[in-house]
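Undergrad: Sequence order for the protein chains is A and B.
All residue numbers for the first sequence refer to the working numbering, where the first residue is 1 and numbers rise by one.
All residue numbers for the second sequence refer to the working numbering, where the first residue is 116 and numbers rise by one.
Since the hints were made in silico from the structure, they are not lab data.
Idealized CB from N, CA, C, for every residue including glycine.
In silico contact screen, one side only, chain A against chain B (beta carbon under 7 Å); selected entries:
| id | residue |
| --- | --- |
| 1 | Gly-43 |
| 2 | Pro-44 |
| 3 | Tyr-46 |
| 4 | Leu-93 |
| 5 | Leu-94 |
| 6 | Gln-107 |
Where chain A lies over chain B, by a calculated footprint (3+ residues, C-beta under 8 Å):
| id | region |
| --- | --- |
| 7 | 145-153 |
| 8 | 158-172 |
| 9 | 207-216 |
| 10 | 219-226 |
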Amino acid sequence: DAKTTQPTSMDCAEGRAANLPCNHSTISGNEYVYWYRQIHSQGPQYIIHGLKNNETNEMASLIITEDRKSSTLILPHATLRDTAVYYCIVRELLLPSGNTGKLIFGQGTTLQVKP
Amino acid sequence: EPEVTQTPSHQVTQMGQEVILRCVPISNHLYFYWYRQILGQKVEFLVSFYNNEISEKSEIFDDQFSVERPDGSNFTLKIRSTKLEDSAMYFCASSEYGTGGWYEQYFGPGTRLTVT
Chain A
1 DAKTTQPTSM DCAEGRAANL PCNHSTISGN EYVYWYRQIH SQGPQYIIHG
51 LKNNETNEMA SLIITEDRKS STLILPHATL RDTAVYYCIV RELLLPSGNT
101 GKLIFGQGTT LQVKP
Chain B
116 EPEVTQTPSH QVTQMGQEVI LRCVPISNHL YFYWYRQILG QKVEFLVSFY
166 NNEISEKSEI FDDQFSVERP DGSNFTLKIR STKLEDSAMY FCASSEYGTG
216 GWYEQYFGPG TRLTVT
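Chain A with its partners taken away, still in its complex shape (with noise of 0.2 Å):
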């Protein structure tokens, strides 16, 4: 099972600041906190990963709570082609016995960008 928890959806105006939360409260020392999005039923699509300090790359922002039981997705301005469903997962980045790399998706947040 997921071993993480997202509101099932939320809508944000185009053009602003979307903030996706997620808890992730059992998380371990060994697990980062990856985020795909799923558009329409094409593939899931990698946005960011980070293990505790905040990450930024061109699609997004990831902000992680000090205790790491909760972090952020923020797509700063948002835009009619980022409704999704956005997952969070966290997974455990190096190969220890048993780790194949597999990504458990729960039911994601379902966000609506509205003009």
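Following the hints, position chain B against chain A.
TA: Okay, now just chain B, sitting in the frame of chain A:
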């Protein structure tokens, strides 16, 4: 940008028939995966594959399923005798692993399998 490709985009088959779904992972990746998504449901892990063998499989991946890397570029998922409940979108993914850990998984566009 490199991409994972899948063929066909849509496959319709009759119950009991065998189907083979094909994937071409990103060329320098060594770790391969299949996931499926039943309409309206979440993406589910099926199997991971490395070094020409299955490294992990889920409960869904029963004896009706098999995977193969028949050559240096293709990665296939075979369903021997399809059931109505196998109707789903099937996604292939690939990844690499380095000294810093797992890189992101790249997903293909999916094959929609419809079993009638």
